[in-house]
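Undergrad: The residues making up each chain are set out below.
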Amino acid sequence: MKKLMKAVSLLMAVMMLLGSVAFAETDMEYVKNKGKLIVGITDFAPMDYKDENGEWVGFDADMAKAFGAYLGVEVELVEIDWDNKILELDGKTIDCVWNGMTLTDEVKSAMETSNAYANNAQVVVLPTAKANDYADAAALSGLTFAVEAGSAGEAEVAALGYNMTSVHSQADTLLEVKAGTSDAAVIDALMAAAMVGEGTDYADLTYTLALNSEEYGVGFRKGSDLAAALNEFMAAAYADGTMMAIAETYGVQAAIIPQ
Amino acid sequence: MELIQQQLPIVLHSLNIGFLQTLKLFIVTLLGAMPLGLVIAFGSMSRFKPLSVFTRVIVWIVRGSPLMIQLLIIYYFPGLVLHNPIWGGGESGRFLAAAVAFIFNYACYFSEIYRGGIQSVPVGQIEAGYVLGMTKTQIFLRVKLLQVIKAIVPPMSNEIITLVKDTSLARIIALQEIIWAGQSFMKGSQGISGAIWPMFFTAVYYLAFNGIMTLLLGWLEKKLNYYR
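Residue numbers (numbering that gives the first Met the number 0), protein chains in the order written: chain U, 0 to 258; chain V, 0 to 227.
Think of the hints as simulated: they come from the structure by calculation, not from any bench.
Please read these numbers as outputs of a predicted model, since none were measured by experiment.
Treat the hints with care, since some could be wrong.
What the hints assert, rightly or not - Just the calculated beta-carbon pair ranges, DEER-fashion:
#1 V:L206 / U:E28: 49 to 55 Å
#2 U:N52 / V:F199: 25 to 31 Å
#3 U:E214 / V:M33: 51 to 57 Å
#4 U:L159 / V:S64: 55 to 61 Å
#5 V:G190 / U:A244: 20 to 26 Å
#6 U:S212 / V:F199: 31 to 37 Å
For each residue, glycine too, the CB sits at the ideal point set by N, CA and C.
Start from the sequences, fold in the hints, and give me the full structure.
TA: This is the structure in C-alpha cells:
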C-alpha cells in the first residue's frame with residue numbers, strides 16, 4: 000500500500016512538472032521557440048488550395064504565410080480532418096485553424112478566435128428543376144435537409160425547426176441531394192458556388208436563398224495570445240493595403256471585412 | 000463522359016499518390032506486425048503466469064476496441080495528456096503514428112493466429128523429439144515451424160487482405176491515403192470540384208491489388224502443400 004502511494008505521488012509530481020513546463024510559456028513563446036507555426040487547413044478553394052506546383056495557396060494560405068513572416072517563424076500548412084480540429088489544436092499537432100471557418104458560438108467557446116475578416120452565408124442547395132417552388136424560407140418547411148454535422152448550416156436548419164439529416168461533410172450533403180435521399184442541402188455560399196452547376200457532377204443542382212449571414216475567423220488554442228497578435232497583424236495589413244491585394248488575387252475582395 | 004476524360008489524368012495522378020501512401024502503410028505494417036506478433040504469441044503462451052496474463056489482457060484491449068479509436072489515442076494523447084506532441088503535425092508524423100497503431104493492432108491478431116498454429120502441432124511429435132534427444136530449440140525449428148507455417152497461411156491471407164482495406168481508417172488522423180484523395184474531389188481540389196466518381200473509383204485500386212495478393216497467397220499455399 001505504501002509503495003502504491005509512493006508510486007502515485009511520484010507520478011503526480013512528474014505530471015505536475017510536465018504540466019508546469021508546458022504552461023509556463025505563453026502560446027506565442029511556444030510557437031516562437033519552436034520556430035514554426037503549423038496551420039491546420041482543408042482543401043477549400045479559394046481560401047486554401049494547391050496550385051499546379053503542389054504549393055498551398057489561397058487567401059487564407061497567403062495571409063497565414065504573411066502572419067508567419069510577421070512573427071518571424073516558418074509556416075507549415077497541414078491538411079487535417081475538419082471534424083478533429085479541436086483535438087488537433089489541444090493536442091498541439093497544429094497551432095491554429097485558418098480555413099474559412101465560420102465563427103459560431105461553438106467555435107468561439109472551444110477556441111481563442113481572431114476578429115472576423117470575411118463575410119459568408121449559408122445557402123440552400125436544391126435540384127434546379129425544383130428551385131422555383133421554394134423561393135422563401137417558409138416554402139422550405141416540408142423538405143428534408145442534409146447538413147454537415149456540427150456546421151453552421153446545421154444550426155440554421157435546427158433554428159428553423161425543419162427535418163434534417165446530419166452527415167459527415169459538406170460534400171456528403173450534396174451527394175445526399177443528388178442521390179435523392181434528402182431534398183435539399185444547406186452549405187457555405189463560397190463552397191456552393193464552386194461545387195454545383197455547370198462542369199460538375201452536380202450540374203442539375205443549384206443554390207438559392209441565403210438563410211443567414213455569417214463571418215469567417217481564425218481559431219487558436221483556448222487562451223492563446225496569438226489571436227490578439229493576429230488581430231494586430233490584420234489591422235496593419237489592412238491599413239497598408241496588403242490584405243486587400245491578397246484578396247484581389249483570389250477574387251474575394253467583396254467579402255473582406257475592414258479591420 | 001467528356002468531362003470525365005478531362006478529369007481523368009488529374010484524378011488518377013492524385014489517386015496514385017494516395018495509393019502509394021496506402022501501399023506504404025500496408026507494407027510497413029506487415030513488416031512490423033509479423034515478427035512482433037510472434038513475440039506476443041510467445042508471451043501469451045508463456046508458462047510464467049504474470050507474463051501470459053499481461054499479454055492476454057493487452058491482446059484483449061487491442062482486439063476488443065476499434066482501430067479507429069486506437070489511431071486517435073496514439074496520435075493525439077501525447078499532446079493532449081502529456082503536453083508533448085511527439086509526432087508533430089506534419090505528414091511524416093501522421094504516417095509514423097498510423098504505422099505504430101496498425102503494427103500493434105495487427106500484431107495482436109497475428110499472435111492469435113500463430114498461437115493457434117503452434118498449438119495445433121500434436122504433442123506426440125514433441126515427445127518424440129525429446130525421446131530422440133533434441134533440444135527445445137531444435138524441436139521448434141525442425142519439427143514445429145514448417146508445420147506451423149503451413150497451417151497459418153490461410154488465416155494470415157485473410158488478415159492480410161483485410162489489412163489492405165483497413166488502411167483507409169488512417170484518414171481519421173488525416174493521413175492522405177487513397178480514399179482521402181478520392182474524396183477531396185467531391186469538395187474541390189486542383190480545379191475539380193463536385194466530382195463524385197473518384198471516390199467510388201478508388202475501389203478499383205483495392206480490387207486490383209487484392210486480386211494480386213489473392214493470387215500470390217494462393218500460390219504460396221499451393222507451394223507449401225508438399226504432402227498432398
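Undergrad: Against this structure, judge whether each hint is valid.
TA: Structure-based check of each hint:
1. For L206 (chain V) and E28 (chain U), the hinted distance range of 49 to 55 Å is satisfied, since their beta carbons lie about 52 Å from each other.
2. At about 29 Å, the CB distance of N52 (chain U) to F199 (chain V) agrees with the hint of 25 to 31 Å.
3. Taken as a hint, the range 51 to 57 Å holds for the pair E214 (chain U) and M33 (chain V), whose Cβ atoms sit roughly 53 Å apart.
4. The beta-carbon spacing between L159 (chain U) and S64 (chain V), approximately 39 Å, falls outside the hinted interval of 55 to 61 Å.
5. Evaluation of the 20 to 26 Å hint for G190 (chain V) and A244 (chain U) yields a pass: the beta carbon distance comes to about 23 Å.
6. At about 36 Å, the beta-carbon gap between S212 (chain U) and F199 (chain V) stays in the expected band of 31 to 37 Å.
When the structure is compared with the earlier hints, a violation turns up for hint 4 alone.
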